[in-house]
Structures are given as C-alpha cells and as structure tokens.
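Undergrad: Spelled out from the first residue to the last, the chains are:
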Amino acid sequence: MSIEQHNVKRSRQTPEALAEKKQREKSKIDEFLALTDDVLSRKKKRDWSNDAFELTQRLLQINPEFYTVWNYRRNILLNGIFPESTPEQINNILSNELSMTTTALKANPKVYWIWNHRRWCLENGPDGPERDGVPSMEWRQANWDKELFVAERMLDADARNFLAWNYRRYVLANMPTRRSETSELAYTSRKIGANFSNFSAWHQRSKTLVGLWESGQLDPIQSRDDEFELVSNALYTDPDDQSAWIYHRWLIGSGENKGQLEREIQLIFELLQEQPDSKCKRLWCMESLVHYKRLLLQNHSPGSQTLKQECVELLSRLADLDPVRYVRYQDLKRDLDQ
Amino acid sequence: MSTSLVVPLHVAYIRALGDSKNELSYHLSAHLRMNAVYWGLTALLVMGHKDALDRDEMIDFVMSCWDEEAGAFGAHPDHDAHLLSTLSAIQILLMQNALNRVDVDRVVKFILSLQQPSGIFAGDAFGETDTRFLYCAVNALSLLGKLDELDVEKTVAYIRRCKNFDGGFGAVAGAESHAAQVFVCVAALAILDRLDEVDQPTLCWWLSERQLPNGGLNGRPEKLEDVCYSFWVLSALSILGKLTWIDSSKLEAFILSAQDTESGGIADRPGDMPDVFHTLFGLAGLSLLGYPALVDLDPVYCMPASIIENLGLRKGWKALQRRTS
Ligand SMILES: [Zn+2]
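Chains D and B supply the protein sequences, listed in that same order. Going left to right, the first sequence walks through residues 1 to 338 as the numbering used here numbers them. Going left to right, the second sequence walks through residues 1001 to 1325 as the numbering used here numbers them.
Certain hints may be false.
[Stated by the list, open to error] Taking lysine to any residue pairs in the SDA-like style, the calculated list, with each CA pair at most 20 Å apart, reads: (1) D:K21 - B:L1028; (2) B:K1223 - D:C280; (3) D:K22 - B:P1077; (4) D:K279 - B:P1213; (5) D:K28 - B:S1025; (6) B:K1250 - D:V327; (7) D:K9 - B:L1017; (8) B:K1223 - D:Q5; (9) D:K44 - B:E1068; (10) D:K28 - B:G1018; (11) D:K333 - B:P1201; (12) B:K1223 - D:L283; (13) D:K28 - B:H1027; (14) D:K9 - B:P1270; (15) D:K9 - B:K1223; (16) D:K110 - B:K1250; (17) B:K1250 - D:V324; (18) B:K1223 - D:A194; (19) B:K1163 - D:A173; (20) D:K21 - B:Y1026; (21) D:K110 - D:M100; (22) D:K207 - B:P1270; (23) B:K1021 - D:L35; (24) B:K1250 - D:D320; (25) D:K45 - B:G1071; (26) B:K1163 - D:D320; (27) D:K281 - B:N1218; (28) B:K1021 - D:I29; (29) B:K1250 - D:P323; (30) D:K45 - B:P1077; (31) D:K26 - B:L1024; (32) D:K28 - B:L1028.
It is worth saying that the hints were derived from the structure and are not from the lab.
Using the sequences plus the hints, can you model the full thing?
TA: Here it is, written out as structure tokens:
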C-alpha cells in the first residue's frame, strides 16, 4: 500500500487476484531491493565510479523519489566524474542529465526531487568554451534557454502545475540573458486567453505587472485600466469561477481610487442585474460588491448610512444563498455596525 | 456512505501498514517511511489508541535512521538526513516520551546550517528550498527548546516575501498561494509569535472560499476537493480563530465519506484508495471540528494538544467544542 497517493480509484480484489499480483510483484521487489542494497552500500564506501553512476540511473528510473540516490548521483559527479573531465565533457554530462530528467518529468510532473536535480545541473555547469582566448557563456546560455522551453511544455500539459510555474519563475530570474517582462506578460495573456480559469496565470500576471510598473516600463495608470478591461471581459464572458474575481480584487487593491471603485461597482451591479444563471457568478457579484462598497465606506464616505445599508442587505442575501459561509457574512455585518 | 467514524478499522489499518512488505509500493515509498510513522502514530493518538503500535520497535526504527555524517535523521536506515524526516523523528520521539535519545546539539546545528542568506531553509545539503522546510526547522527548534538560536527576523522576513495579494502564501517568494503553504507559513508565524504579519481578513476570506458545494476543501481556486486540505485549511483557520467561517458539518460529512469502511483508512476523496497521509489529515480535521471521542489536536504542531501544552508551547488557536455524540 502506498503512503501518500492521489486520484487512485479504490478497487476490491478477490483474494486470488491479490495473491497473483503479489506473486507477480515478487520478482520486481527482489530486483528493486537488490539494486537498492548495491547502490546504498557503494554509497557508504564512497564509490564514485562510472558503474555506480549507471546504477543510480537504473534505480532512479524505477523510483524517482529516492532523494538519497539523487544526492549520491550528484556526489559521484562532483567527486568522481567531474575531476576527470574537461569542461566540454562536463557540459555534455549535464546536458544528458537534463535530457534524462525531462523524460522522468513527463512521467512524474509532481516529483520535487526531479525539478531540484535540474536546478542543480543548471547551476553547476561550466559557462562555455573559450573563443579566441576569451571565456564565453555559450553552454550556459543554451542550457538555460532550453530550460524555459521545458517549463513551457510542462505547463502545456498541466497549466496549473505549481512546480512548473515555480520552476519557470526560477529560470526567468536566473537566465544569463534575462527575458523581458513584457514577453512574460504576453505569455500570461496567452495562458489566460486559453482558459480564464487558470488562476496560476492570473497570479503570474499580477507579479509581472508589478515588476513592469515599478521599473517604469509600463504606465501604472494606463496599464491598470487595460487590466480592468481584460478582467471585465473575463467576468462577462465566462467565469463561473473565482480566478478573474480574485484578480479583479487585486486590481482594486485597497481602493484608494474613488472613481475606479465607483465605476467597477456600477459594472458589477449591471452584471448582477442581468440575473446570471450561475449561482457562483451571482455570489461573486454580491461578494465583490460588499467588499468594494466597504472600501468606499472606509476610504471615501465614512459614515454613509446608504452604503452601510446596501452592504447589510447584500450580506443578508449572501447568507441565504450561501449558507456554507453564513458566519462570515454575519461577522462582516457585525463589523459594519461597529 | 458511512455517517460515523470507523475507529477500530482505522486502527487496524494503521497497524497493518508494516505488514505489506510483499507489495512493491511499500518499498517504493521508503523515502517517506519516517513521515509515515509520524502520520500513523499521530493518527492513533488522535483516536486514543497509542498502544496499537509497539513503542520500543518504533523508537528503534527512528534511531536506526540517524545519519551520523550529517547529524540528523533520514527517512529510512541508510537514507540521507533531511529536514522533513528530522522533524518527524523528533515528533515521534516526543510523542513516545523518548526525546532524550536525540543528540540535540547536533540536530540543532544541522537545522541551522540549512538556513539560507535570504532566510528560507533548504531541505538538505543539496539545497531545494521551500517554506515547508522553513516550517520544519521552526517547529523542530521549538520542540527542542532551541528557538533562541534562530535568527527570527531573517526567518520572518522571508515569510513576508511569500505573502500574496490574496492573503495566502506560496512555496517561495513569488509563488502562487497554496493551502499547504498557507498552513506552514501561518503555523511558523504562530510559533514565532508573529501572526501580526498575516493579513487576517483577506487570508480568512481566501481560506473560507476553499469550501466547495460538496463540503470538501480545495487547496487553490478552481481545483478539486481533497481530504488533506481539511487539515491545511482548517489548521490555518483554527490558528486565526475563524473555524466557523466554513460549514463544519458539510466538511465532516465529506471526510467521513472518504473512509474505506471495509478495510479502514481515509482517502483523498470518496471512492479512492486510502493511505496513512490522508488518514491522519482526515482525523486531524475531524478533531478540530469537535468530532466526538477524538483527542484534541494542536493545529500549529499537528500533534496531540496535551503534549504541546505540557511543553508550555500552546498558542492561541481555537478548535470547535468537542461534541459528546
Ligand atoms: Zn491530498
């Protein structure tokens, strides 16, 4: 039995089928345990040989989660193989490591250790050959460029894989020649365009925009308005989901801009008037209206009884429609009274 | 679908975990063995069945995982020391009242050696970094009574960098909020008495939005429900005093429906294969929700509350009142 597993359907097996399965597995277990013993005893003896290196590969192909063996493999490289190799050979070995783990990742996209091994390979490679007596960055450059491509393919397969997103951000932050943040913004546009529910892409977009605003590459005021347009589009066309609403809340922020707040409140009010079929959409309209009206109340119209009353009414309707979060709505109502 | 917790079956299920050595998956999960022992033992304690597993055998196993070179614990004999297994080993020994077996000075040295200049921790000498490891370090140092050796400001500064606009936290600075990372960051801040760093209204809003119409909780927007999030989300809500912001009876029914009522154990969701990881986090969730006859669980340390209280480490979390039936 596994210790931790997801999405594995329960099936009842007859005792006979179970016994048969165990019989079939027996030789695999013996082979795995023998290989494990061999590798771990070589590790104890500090065997840094090519043979040992090959054995770690066989073992990791069977079990890519065996972190101790990844560690041993890196130690063999550092202590046994690299000292005997030219920079060019080292670069080739590390390129092989990257290819091997690309295959492993396709089969096991959520295994942290594999992603981690790639990081190590990228960070421990030589920069490049000398050109006319001058050191170059050719190898490093090529490896890192390829890496962004790998992260992209992994996100094509699963657009919410947070390990792949984290890795993408790591690559972007460490590439020898940085990619422009504008092209990252374009990447998130493509991802969001493909699926409005991809919150991971909205998240990445928020981080990228902050970088662009802070560095002055984009005018924060104009760009924010463009974002409002994009997200309103999403709110109107599709979302039966939370992603665009959460992003909208980020754009509003602490609600210092009164005109913006009022404009967005009006827009959401109109969306709600259209009586959307989806309960989720209705809830998020009301939930957002309460939040933005409270910001209006706090920042721009302290003491407005009208706003307060509107919030209380919305919260009562929310409590009816969404009893799961009844206490939250009650607590917010109570806060308004204070 | 069952409406009550089948305690005897879950106890039997955990007892039987060590008997599956003729299954390949047992051997393929050796890298999680120490964690599994912690999950199993804690689950038994929550059910009030500590003695279902042999104490001496367990302590011997933990000690056999000591990595003399690194000065900490691996997940299995001859596996390398790692922060994940080191925290589990300390927790097991503490629950078995055998913490005196640990070479505290060496373990503390190992833990502190893994803090990076930015404040985050690596899991081992090869350096994968993650707020999970930061939590392991803070938790372990706290249990060992050695928090005073930690650079708290540096540690908190890194957690601050992981905070997102939705109030949640990610695995590293810049990463998307994820309920499991919210738990580790909030619990670490609780241990360090720095919950003032949390944007509580926003985070509690985000956490309460994790509950889906079927009662289960997901870990991020637009993802499926999963029993383990019962703990990641609930523990954070409990630490922040907002457990009532979700519907506890619906969640309770969801967790119970993920039980395997024939062979014991709890799965990630109804109809799936159970495992010891989801068995513990399902039970932990039920304990926080006040399910009858379970033992109080401390959501900060994910250990029985009485043990944490005895160490004088109890923080201001709130669980739901334990029901009598
Ligand atoms: Zn799970």
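Undergrad: Kindly indicate which numbered hints from before are broken by the structure, ordering the numbers from low to high.
TA: Those not satisfied are hints 3, 16, 22 and 26.
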